[in-house]
Amino acid sequence: MNDRIKELRDASIAAVPKISMERATLLTEFYQNGVAEGNSVPVARAKAFAYLMDKKTVWIGENELIVGERGPAPKETPTYPEICTHTLEDFEILHNREKISFQAGEDVKQVQKETIIPVWQNRSMRKRIMDAMDDAWLEAFDAGVFTEFMEQRAPGHTVLDDKIYRKGMRDFIREINDSIDRLDFENDPDAFARREQLTAMKIAAGALIRFAQRYADYAEKLLQKEKNQDRQKELQEIASVCRRVPEHAPETFHEALQYYWFVHLGVITELNTWDSFNPGRLDRHLLPFYRKGIDDGSLTEEVARELLQAFWIKFNNQPAPPKVGVTAQESNTYTDFCLINLGGVDEKGENAVNEMTYMILDVIEEMRLLQPSSMVQISKVNPDHYLHRALKIVKTGYGQPSIFNTDAIVQEMLRQGKTFEDARNGGASGCVETGAFGKESYILTGYFNLVKVLEITLNNGVDPRSDKKIGLESGNPASFTSFDELYGAFEKQLHYFVDVKLKGNRIIERLWATVLPAPFLSILVDDCIARGKDYNDGGARYNTSYVQGVGLGSITDSLSAINHHVFTEKSVTLESLQNALLANFEGTECLRILLKEKTPRYGNDDDRADTITQRVFESYFAAVDGRPNTKGGHYRINLLPTTVHVYFGSVVGATPDGRKAYTPLSEGISPVQGTDRKGPTAVIRSAAKIDHLRTGGTLLNQKFTPQILETEDGIRKVGQLVRTYFKMDGHHIQFNVIDAETLKEAQKHPENYRDLIVRVAGYSDYFVDLGEDLQNEIIRRTEHADF
Amino acid sequence: MTTTGLLFDIKKFAIHDGPGIRTTVFVSGCPLTCWWCHNPECQIENGSNGENLVQRKTVSEIIKEVERDIPFYDESGGGVTFSGGEPMLQLPFLTELLLECRKRGIHTAVDTSGYAEERDFSAILENVDMFLYDLKLMDDELHQKTTGVSNKKILSNLEFLAEQGANVRIRIPLIPDITDTNENLEAIGTYLLTLKRRFPADLLPFNIFYKSKYDRLKLDNRLKNMETQSPQRIVDIRETLASSGLDVFV
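As they're listed, the protein sequences go chains L and P. The first sequence lines up with residues 483 to 1269 when you count with the numbering used here. The second sequence lines up with residues -13 to 236 when you count with the numbering used here.
One or more of the hints may lead you astray.
Pairs of lysine-lysine, PhoX-like flavour, derived with a Cα cap of 20 Å [unchecked claim]: (1) L:Lys1185 x P:Lys(-3); (2) P:Lys50 x L:Lys1160; (3) P:Lys204 x L:Lys1171.
Listed below are several chain P residues computed to face chain L (Cβ distance under 10 Å; list not exhaustive) [unchecked claim]: (4) Ile(-4); (5) Lys(-3); (6) Lys(-2); (7) Phe(-1); (8) Ile1; (9) Ile7; (10) Glu47; (11) Glu51; (12) Ser62; (13) Ala109.
Cβ-to-Cβ under 8 Å is the rule here; a few derived chain P residues that face chain L [what the hints assert, rightly or not]: (14) Glu53; (15) Arg54; (16) Phe58; (17) Glu169; (18) Ala173.
Worth flagging that the hints you see were computed from the coordinates, not collected in a lab. This one's a predicted model, so the numbers in the text were calculated from it and none came from an experiment. Glycine included, every Cβ here is placed at the ideal spot set by N, Cα and C.
All chains should be modelled from the sequences, with the hints used to inform the complete structure.
Written out as structure tokens, the structure is:
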């Protein structure tokens, strides 16, 4: 990277995350000055959005090329009190905690106390949701059976398609006017509601144009004071770009990137949408602008690269907005899950890898920023060269890009009833979620703790942590005479808690649709304009709601332990096992070792365990899939945890697989940590036994030491491993290349790293089995691995 | 399918034992006692804590395990490698395994010391896709001293395989000051050029990582103070052998 990018990158990394009260103050001001009165909810929301975009600080950093910030300056992060209102204690903790902190000084706390809390505390969406939930929901929520995504952040989970590269906001306004003209007040009972919604979208589109004009004005103002002639030219260029986009469709590479960035800021200012919006298939969107610029001589490869790098840095300036009800220990992240998609196929199913794909991969490798995240879509029609290029970045141990199976993603969407074209133009976002970009609202509604359900089953409906009865009386487990009987009880509880969750979801969906519509986001997602319906109210072409199952490895191993030791080997009774679990194996360490070491486990291509995985998958699928949501779409499942397997573990006592109380569960569809002892092909075989094509995404993590990717041959073989998994319809795989720090950790806590294989020059062994001097030798080699 | 044999491990995602992604079946027992043996557990039946290191398995059990990874073999051009120990020592067992793999279209490699009867090689030849054939020392006296056996049979079997047109990759373990001397490597190079077929050769640089096995098994390790070769030395060795007209890989 050149000096400018290096400075911008350093500044972004060094910027300290702070709480900014600007958005909260402006929003409160807007609702208090009475302008909103007399307006419908969507129009009032649109006017509030316009007020924010017209008033918030504009900021252009020294030598910046792509401009625009969400807060008053990089990493100054707004709050969204209409969704959830932070307490002063929240700010205190955020300010003081060691990790993922946000500065919140006395001035900030004073504004929160005097202006924000009094207005919003009792009107926030979070308050409304909690007030609307029944006891069954609240008890299950408090017990950690499930989480609720929409109590702190807005329904987002959507990604942009190519429409903004073809249309300016003026064009969208024209479409909105056409849609209003077509309203049929004589026959359509919703015509008035549609008109309000469309009017709101029009206001929001105008607001984004004005926001960009303010940036143009500011760039011109800076230009007056600028002494350096080169920078003067750049500021002139910035001003003219901001005058053109987003009002008009972009014509240059620079305009395309700047347009997207203004749209991004609009979406994340309007609401704190989950899984922050992102441009999706960026290599495809940018290609025409790149080729045109190169062909007519207005763009060089160097300039394109620099603009992309500058664009990357803008993402890194926007930490995920902090949650309320935070704790000091909580593991959290600044990442807002913008997942840029590369490669895959075009709408005809043909290879979409192009020269921009490789340039963006270079940018990812060089920038090494926390945000944005990146992924490569790998279709059977994509070249190996591209897969190998991605693996070479993976080798550097940066955890990116993650690797997705385009052909599975397309089939997942077809099963859900999407068209070929929409499916092929889609991809994955957030962690691993499948979506039709620009056409779908694919909401994650909450994680579902499969292991907690088993714990409640083993206690006949009681949560042993609180001693409260929160589930069904599914029978005293001591009386069960077969595994099937136990499994039947588990399945009953599973259905019960899914019902509780979905009942809550349906209420929450209506609250968002009626209280906090998203007129700006609605402009961007088909067919909100055509239908005159809000994004939060089923305006999108496809409306999918997910409940994300967590702990597939842990639930399999726990059920497998019961099946194997209680019902097959009969080496322990269910009653004494249950007593041991309640006592957290206090005094029964021998039993714990037996369960831990001698249970057939998921991740080893062992059918004794994997048939149970399939059974749990089918039960969970049957409980959720195909049930209607309130937006014309359906509930679906996916299997991913983000970091919730830690929280979910913290509410679950000891489990039959020998896991101690309150320790983390397995994550995604990965095996329980350290229990896959037969290498990656066995893990992949186990993982492929569930039907990925009936999910909206699964997450599989694999650990490797860098040595395995050291040679071209190693890269090729890992590539073949990926291709084989994808041939078996696997959805996603991520390789975490182990660094020296992790190896040191493994040396200290070998029990957690028993699956870690180190391979060196034709000889391989489990790391934890090596002598200390040899472990140290590998650590040294890993530290010195030359990337 | 009911023939049984002794083995000490089945390793999946083996990526250094032949082409592609492979499953390596390590059989027990070996007629050689190389000072630098990387798999000393093939020589013993019990570990230091008395645990049983050797498992007796039927052909059918092994095939069932090997079959599981067929999709990986197909994708990568991989297959199964029979290693050890010395797989030729359990000939009826090996023969049946090879036949069952052939029926299933699974690519096979036999990793051998070459120390067996010529008729044994002749018996399995048609069902082996590739031999990984160790060539350690040309000086027979030194060979006897460090491996416990003469190299005569090993050389004559290699000549036999060359005559039969078998697919062979030569594996040369580079043991400092024993096999990696210029004298020995030159002799190996000259010898390989006299064979009826030109076989490619892999150099296996000495690595110290197997030492932990000796510690774990509480075995006496003769080479415990030996250091690994410098990367430059490996490059030099490769170039020397390659310049004589051989295909040499590291």
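Verification of the supplied hints:
{"no.": "1", "hint": "L:Lys1185 x P:Lys(-3)", "in the structure": "holds (17 Å)"}
{"no.": "2", "hint": "P:Lys50 x L:Lys1160", "in the structure": "holds (15 Å)"}
{"no.": "3", "hint": "P:Lys204 x L:Lys1171", "in the structure": "violated (41 Å)"}
{"no.": "4", "hint": "Ile(-4)", "in the structure": "holds (9 Å)"}
{"no.": "5", "hint": "Lys(-3)", "in the structure": "holds (7 Å)"}
{"no.": "6", "hint": "Lys(-2)", "in the structure": "holds (4 Å)"}
{"no.": "7", "hint": "Phe(-1)", "in the structure": "holds (4 Å)"}
{"no.": "8", "hint": "Ile1", "in the structure": "holds (5 Å)"}
{"no.": "9", "hint": "Ile7", "in the structure": "holds (6 Å)"}
{"no.": "10", "hint": "Glu47", "in the structure": "violated (14 Å)"}
{"no.": "11", "hint": "Glu51", "in the structure": "holds (9 Å)"}
{"no.": "12", "hint": "Ser62", "in the structure": "holds (4 Å)"}
{"no.": "13", "hint": "Ala109", "in the structure": "violated (28 Å)"}
{"no.": "14", "hint": "Glu53", "in the structure": "violated (11 Å)"}
{"no.": "15", "hint": "Arg54", "in the structure": "holds (5 Å)"}
{"no.": "16", "hint": "Phe58", "in the structure": "holds (5 Å)"}
{"no.": "17", "hint": "Glu169", "in the structure": "violated (24 Å)"}
{"no.": "18", "hint": "Ala173", "in the structure": "violated (23 Å)"}
Figure legend: structure checked against the earlier numbered hints; hints not met, in rising order: 3, 10, 13, 14, 17, 18.
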